[in-house]
Amino acid sequence: MAKRHRLLWQLYPSYLIIIIASMAAMTWYAARVLTEHSRVKALSELKAQAYLVEKIVGPRLTDSYSPPLDELLKNLAPKTSSRITLLSPTGTVIADSHEDPVRMVNHALRPEIKEAGHGRVGSSTRYSYTLNAELTYLALPIMREGRIVGIVRIAEPVSKLTASLMPIYREFLAAGFVIVLLAAAFSLYLAHRINKPIAEMQRGAARFAAGDLSYRLELSPSEEFRALARAMNSMASQLHSRIHTVTQQRNELEAVLTGMIEAVIVVDTAERILRTNRAAEALFQIRHNNVKNRSVQEAIRNTDVNRFVADALASENPIERDIVVVGDSDIFLQAHGARLRDAQGNSIGALVVLNDVTRLKALQKIRRDFVANVSHELKTPITSIKGFLETLEEGAIDDPVNARHFLTIIMRHTDRLISIIEDLLSLSRIEQDTEKGGIVLEEVPIRDVFDSVDKEVRSRAKHHGITLDYEVDDSIVARINPLLLEQAIVNLVDNALKYSEPDSTVQIVSQRNGSEILISVKDRGSGIPKEHLARIFERFYRVDKARSRKVGGTGLGLAIVKHIANAHGGRVEVESSPGKGSTFSIHLPAA
Amino acid sequence: MRVRLQNDIERLKKRVVALGTLVEERVRLAVKAIECRDAALAETVIAGDMEIDDLEVDLEEECLKILALHQPVAYDLRYIVAVLKMNNDLERIGDLAVNIAQRTQIISRHPEIQVPFDYFTMAQSAQEMLKKSLDSLVNQDLNLAYEVCAQDDDVDFMKSAMQTLFGTQVRKTPDQVEPLVDLFLVSRHLERIADHATNIAEDVIYMISGQIHRHRGDDFD
Numbered sequence: 001m002a003k004r005h006r007l008l009w010q011l012y013p014s015y016l017i018i019i020i021a022s023m024a025a026m027t028w029y030a031a032r033v034l035t036e037h038s039r040v041k042a043l044s045e046l047k048a049q050a051y052l053v054e055k056i057v058g059p060r061l062t063d064s065y066s067p068p069l070d071e072l073l074k075n076l077a078p079k080t081s082s083r084i085t086l087l088s089p090t091g092t093v094i095a096d097s098h099e100d101p102v103r104m105v106n107h108a109l110r111p112e113i114k115e116a117g118h119g120r121v122g123s124s125t126r127y128s129y130t131l132n133a134e135l136t137y138l139a140l141p142i143m144r145e146g147r148i149v150g151i152v153r154i155a156e157p158v159s160k161l162t163a164s165l166m167p168i169y170r171e172f173l174a175a176g177f178v179i180v181l182l183a184a185a186f187s188l189y190l191a192h193r194i195n196k197p198i199a200e201m202q203r204g205a206a207r208f209a210a211g212d213l214s215y216r217l218e219l220s221p222s223e224e225f226r227a228l229a230r231a232m233n234s235m236a237s238q239l240h241s242r243i244h245t246v247t248q249q250r251n252e253l254e255a256v257l258t259g260m261i262e263a264v265i266v267v268d269t270a271e272r273i274l275r276t277n278r279a280a281e282a283l284f285q286i287r288h289n290n291v292k293n294r295s296v297q298e299a300i301r302n303t304d305v306n307r308f309v310a311d312a313l314a315s316e317n318p319i320e321r322d323i324v325v326v327g328d329s330d331i332f333l334q335a336h337g338a339r340l341r342d343a344q345g346n347s348i349g350a351l352v353v354l355n356d357v358t359r360l361k362a363l364q365k366i367r368r369d370f371v372a373n374v375s376h377e378l379k380t381p382i383t384s385i386k387g388f389l390e391t392l393e394e395g396a397i398d399d400p401v402n403a404r405h406f407l408t409i410i411m412r413h414t415d416r417l418i419s420i421i422e423d424l425l426s427l428s429r430i431e432q433d434t435e436k437g438g439i440v441l442e443e444v445p446i447r448d449v450f451d452s453v454d455k456e457v458r459s460r461a462k463h464h465g466i467t468l469d470y471e472v473d474d475s476i477v478a479r480i481n482p483l484l485l486e487q488a489i490v491n492l493v494d495n496a497l498k499y500s501e502p503d504s505t506v507q508i509v510s511q512r513n514g515s516e517i518l519i520s521v522k523d524r525g526s527g528i529p530k531e532h533l534a535r536i537f538e539r540f541y542r543v544d545k546a547r548s549r550k551v552g553g554t555g556l557g558l559a560i561v562k563h564i565a566n567a568h569g570g571r572v573e574v575e576s577s578p579g580k581g582s583t584f585s586i587h588l589p590a591a
Numbered sequence: 592m593r594v595r596l597q598n599d600i601e602r603l604k605k606r607v608v609a610l611g612t613l614v615e616e617r618v619r620l621a622v623k624a625i626e627c628r629d630a631a632l633a634e635t636v637i638a639g640d641m642e643i644d645d646l647e648v649d650l651e652e653e654c655l656k657i658l659a660l661h662q663p664v665a666y667d668l669r670y671i672v673a674v675l676k677m678n679n680d681l682e683r684i685g686d687l688a689v690n691i692a693q694r695t696q697i698i699s700r701h702p703e704i705q706v707p708f709d710y711f712t713m714a715q716s717a718q719e720m721l722k723k724s725l726d727s728l729v730n731q732d733l734n735l736a737y738e739v740c741a742q743d744d745d746v747d748f749m750k751s752a753m754q755t756l757f758g759t760q761v762r763k764t765p766d767q768v769e770p771l772v773d774l775f776l777v778s779r780h781l782e783r784i785a786d787h788a789t790n791i792a793e794d795v796i797y798m799i800s801g802q803i804h805r806h807r808g809d810d811f812d
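Residue numbers (this note's numbering), protein chains in the order written: chain A, 1 to 591; chain B, 592 to 812.
Excised from the complex, chain B in its bound form (with noise of 0.2 angstroms):
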């Protein structure tokens, strides 16, 4: 019984990992879209997302499964609860990747605005927590998912630096206020898959000590 629930769970782990890097890849093909402004990428990242929807439903079925059918305790337990909600994270940011891509189509049609705000430094950020977050999850890293909780406020710090400079630039430009406003948005959206990815690395830090790690120093919004 033991040796089945460890194999069910070895086979969850490859499921999770197998979704987190599907959505992983999701999120760098759409800032790869908004990069070049290609709207051909974009519409692949939406008519991707059905596959991680799927892929969610089936891994949460999985995870109730096996509750149901070996009732596990400690770790296990732990493991299987923060498989759920990762999976719950990992699939919002896939529907992020496509709020990206629907941007990037706007963005694509309208003429290229020079904005001096670097926002791909904010893309890479967002990027390298959500790897760094399921690094952690792979290699059971608490050191990781540690970082990836500080590296959250950097984020949050570059979207309110990017309001401010919003706010300027349609003062200054009032005729391109709608691409403006996209390109706002494609800050928020990243700044929003950075704190699923906090989220994420706090199921991590949750499965390896049992600790719950959230609302502790600052406020996440």
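Here chain A stands alone, though its shape is the one from the complex (with noise of 0.2 angstroms):
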């Protein structure tokens, strides 16, 4: 990958290369004009030069050489920098400014001696062996009446010229110097400012990319780069818009999945859990982000769910099931299971929605147990009365011993039928009461409705053989409804009674326990067994059908217990191990 250079450093060292390049140009083309026309100056300057000599040389012009000549010659030289050569047509030296002519040899064959041969005026600039240094020559023919008679040589060196030159070559330099500088600053302002609205976009791009989708990029002066600012001001905008709503209806969804009292999971095809809503993680204890993308055998270890689930990935039409999660208190769970899939119909998973329904279960089950438990005691003393009532009429009306004892149990048995229907209009009297808010509660020192209790249980007590053992604070004081809560309390101190071993104590206990004021009967009875005591309070529940009987009793008692409770705010709980004993509390809210 080629290395990435900032824009900036891609335009200016063009611009630099540019700038130098054309300067340096110029500076050559003015330099070799300059040098021409330096050239041809000189020249014309030599060629004048000549003329002089011609004149002054005039008549005395000889044929060879003339020490004369060579003399006045000699005595020019000093005057002009130049070196003069005066010259036969055939080349010999006829006199020279600086040489001895003798010595020199014949110079027909120098280029401008050539030229000036012809009658015309020669030049060359040429290397002088005699004066070591790099020359300009200039021949001219003297001419009398159309005939060349000699040649008059003017030599100067060139480095005369070019010394001249020297300065304005330097000075060239030296401005172009500083106009490259200036021209580079100028032109790295100017990369600069091509520059500036690009890295500002990349800045702005920057931060939308990180997010940052309220930023808007500043509008530059120039129309291709506001035209661009603007189109990605308004794609922000637009992009900004619709993370909101994507990010609403998520929140949205996420609130109606909250909500829901329903348990949802939400599993990928390969059983992974994508989605558990607060009412699943309730259900089977778990945290959605440790099942997260975890399969659902870990994540919830239930067979019959993890089943459903395979078995809603499986199924192409949406299923149903009743589950049941086999715990302390089993669960009855409906479940919905279908498959889910994506826009183009492929299957991306299941949704399998639980409906905990075990309440519903659990009401149904009372209501059903309520009608068969309550044809089933009223029936029992029916039969009774009806089958001695029968016996009487068939004759035993007329033994006189057998007939008072048949009496004595039909009116045992009318007499529990009443007590059993009492009961009930109790029951639904005080049903009634608590729905339309009927129940007067006043404050009653519970040490009062205890000395009521004990007057109404007292000979009961005794007859059992079974000590009573009070323990009350005088202070508590409570808003209840004396009556009810004196019955409620019989009716558990009779329940005590029926299932204590002669010559054991019941211990009936008042005490303020934070913001309730709890009222127990504890005895050291037969206990009821476990699974009993979450229905013990229901109508006609009975733990030992046989048993209870014997001992008498509606079979309603803790239901008004409860019902009474309620009544007052307040509940009812039973503690039980087989064996050693229960304990009924009242809990009341404190006045």
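FYI, nobody ran anything at the bench for these hints, they're computed from the structure.
All figures in this text were calculated on a predicted structure; none of them were measured in a lab.
We put the beta carbon where it would ideally sit given N, CA and C, even for glycine.
Take the hints with a grain of salt, since some may be wrong.
[Said to hold, decoys possible] Only some residues are given here: those of chain A computed to face chain B with a beta carbon under 7 angstroms:
(1) S295
(2) Q297
(3) E298
(4) R301
(5) T303
(6) V326
(7) E531
[Unchecked claim] Lysine-lysine pairs mimicking BS3-like chemistry, simulated, CA-CA at most 27 angstroms apart:
(8) B:K604 <-> B:K656
(9) B:K623 <-> B:K722
(10) B:K676 <-> B:K605
(11) B:K656 <-> B:K605
(12) A:K580 <-> B:K763
(13) B:K722 <-> B:K605
(14) A:K361 <-> B:K623
(15) B:K623 <-> A:K530
(16) B:K750 <-> A:K530
(17) A:K160 <-> A:K47
(18) B:K723 <-> B:K605
(19) B:K750 <-> A:K580
(20) B:K623 <-> A:K580
(21) A:K498 <-> A:K379
(22) A:K41 <-> A:K74
(23) A:K114 <-> A:K160
(24) A:K379 <-> A:K365
(25) B:K676 <-> B:K656
(26) B:K750 <-> B:K676
(27) A:K580 <-> A:K498
(28) A:K47 <-> A:K114
(29) A:K365 <-> B:K623
(30) B:K676 <-> B:K722
(31) B:K763 <-> B:K750
(32) A:K530 <-> B:K723
(33) A:K530 <-> B:K722
(34) A:K79 <-> A:K41
(35) B:K750 <-> B:K623
(36) B:K763 <-> A:K530
(37) A:K74 <-> A:K47
(38) A:K530 <-> A:K580
(39) A:K292 <-> B:K605
Given two chains presented individually in distinct reference frames, assemble the corresponding complex, making use of the accompanying hints.
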């Protein structure tokens, strides 16, 4: 990959090259013109000198070496800087300003002399070994009546000419250098100016790329850059609004998913979890960050759910199934699953929605059991009553001993029926009053309630041979309906008496517990097996059907306790372990 | 090739966790069955054992296939070897769940006897150990695996306490020997489940660290 240069460093060197090259070319051309011009001028000067010499020599011209002429030229020499030579048309040196003509060879072959021999002004520039310098020669033929009678040659060293040009060249160079410097500085500025909007745009684009879409590019004065900046700005604003829309839609979706009561699980085709909502996390006690991209087998350890997910992925059509999650208390789920498809219709995973119907199931079961139980509870005494009545009618009425016995039994069952119906009525009355808010609450010391309870149950406790142990703080006052609360506590104590062994103790305690007032009844009886605990407050629910009927009771006592507690804005709880006894407690909000 | 190995291991992981989940559920059902003396529930546990056996065989074949095909090394090799071993343990736990269910069926035919010893705590401990060992496998959590190994002592202790109590109870009520023996056997099955859970945790330790944690410190029977 080529090394990346900044645009500035690509522009600027080319500017510099252009400036220096054009400056050099200009200087070279000017120097040439100047040199040519000064050479022409020098030649014309030499020519003028030659004419002068011709005039001075005039008639004294001879054909061969002439000492007087030589003398004359040697005298002229110091006044002019040039070398003057006088030659015969055949090239023999007649006189010379600097050398001895006798020792000089024939000059007929020199180019300028040849030219002059033809009657023209000849000139030449060459190196003279006689003077050891580059010289410019000019030869002028001397004519008399149209015939060449001699030749004047003037020679001047070139160095004289160059020397005169040197300062001009130097000035040229200096000026050129300054101009190049100025131009270089100016072009640097220009390059910067071109580079600036591009750099600005690059910075802006980088900010867009980094997500700062609210940034706007500055509009530069140049038309192209202005259009580009505008286009980029509008792109950024469109992008911004689109991202905003997408984010908003995602947030809405997120809110919908989070707000759903149903558990939602989304998996990809490899059964890896893509999404879970809060309900799913709560249901399976998982955290989304831990299970994301994990297989559903690892994340949710429930075989039925795992199989359902696999089936939802495999099935063309949406599927539906009931799933039971077995635990301390079973969770009943209604599962719906459907394949997810992308725009092309390819399967990209599956969506599973789990609806927790445990409560619904429990309610259904309670209702079903209630109807069955109530019929059973009512039918048992009636069957007995009817049976004994029939026996009486068939003749037993005439046997006074048995008849009395039967009537007692009929009476007992009738009492039982009445008490069941009374309990049912009081239950529905409490329920109705609670709904209408018709329960009158007043501030009463719990001690007073306990006293009434004691009056009610003392004889029965004595009958069972059981000690009642009250533990109450006089200061505790609660907002209660004394009659209802009394009924509730009496029900609990009655239960405790029924299931306790003779000679044991039943504890009735009232205490303040934070923001609650706690009334508990504790026995040391047989206790209640764990699996029944959740249901004993249901109407007619019996732990041990045979036994509880033997000890009596309508099967509604605990249901009444529960409703009374609810009517007070409180609740009722039970703790029990088989063989050790049970503790029922009524929690009331503190006054 | 490397990618295919990774895919195969990923699939193996899913299968071993699925088997673990199934076994865990069976144990939970068996414990629930004995808690509620529910013979019908026990029957479903017994009937479901075939499924676990099939899964075990499939998983073993899958492991052997990967070993033969890819000849993995280092962590991958340890992973497959560990899966092979815990496969065995899981299947045994499944069998123990069936054994508990069978005891349940026998016990439910006898009248309920009051056992003063609370073996539900033991059942809970054993289940928790099994859950933790599977969690340590899923999350590759070394600390959790060590925790399981440490917890095994508690269950062993509970079982020996149970044994003492069993002795006294039999002397006290010799007429109830049969149901008592069954109840005692349940505690033994639970203890074995805890042992197998410990084995799984040790396999997880081996899988992660490459160290064999067995036979260190305490002796496991």
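Hints, verified against the model:
no. : hint              : verdict
1   : S295              : holds (5 angstroms)
2   : Q297              : holds (4 angstroms)
3   : E298              : holds (5 angstroms)
4   : R301              : holds (4 angstroms)
5   : T303              : holds (5 angstroms)
6   : V326              : holds (5 angstroms)
7   : E531              : holds (5 angstroms)
8   : B:K604 <-> B:K656 : holds (14 angstroms)
9   : B:K623 <-> B:K722 : holds (16 angstroms)
10  : B:K676 <-> B:K605 : holds (16 angstroms)
11  : B:K656 <-> B:K605 : holds (16 angstroms)
12  : A:K580 <-> B:K763 : holds (19 angstroms)
13  : B:K722 <-> B:K605 : holds (16 angstroms)
14  : A:K361 <-> B:K623 : holds (20 angstroms)
15  : B:K623 <-> A:K530 : holds (11 angstroms)
16  : B:K750 <-> A:K530 : holds (22 angstroms)
17  : A:K160 <-> A:K47  : holds (17 angstroms)
18  : B:K723 <-> B:K605 : holds (17 angstroms)
19  : B:K750 <-> A:K580 : holds (22 angstroms)
20  : B:K623 <-> A:K580 : holds (21 angstroms)
21  : A:K498 <-> A:K379 : holds (24 angstroms)
22  : A:K41 <-> A:K74   : holds (25 angstroms)
23  : A:K114 <-> A:K160 : holds (25 angstroms)
24  : A:K379 <-> A:K365 : holds (21 angstroms)
25  : B:K676 <-> B:K656 : holds (16 angstroms)
26  : B:K750 <-> B:K676 : holds (25 angstroms)
27  : A:K580 <-> A:K498 : holds (15 angstroms)
28  : A:K47 <-> A:K114  : holds (16 angstroms)
29  : A:K365 <-> B:K623 : holds (20 angstroms)
30  : B:K676 <-> B:K722 : holds (17 angstroms)
31  : B:K763 <-> B:K750 : holds (20 angstroms)
32  : A:K530 <-> B:K723 : holds (25 angstroms)
33  : A:K530 <-> B:K722 : holds (23 angstroms)
34  : A:K79 <-> A:K41   : holds (20 angstroms)
35  : B:K750 <-> B:K623 : holds (19 angstroms)
36  : B:K763 <-> A:K530 : holds (26 angstroms)
37  : A:K74 <-> A:K47   : holds (19 angstroms)
38  : A:K530 <-> A:K580 : holds (13 angstroms)
39  : A:K292 <-> B:K605 : holds (15 angstroms)
Hint violations for this structure: none, all hints satisfied.
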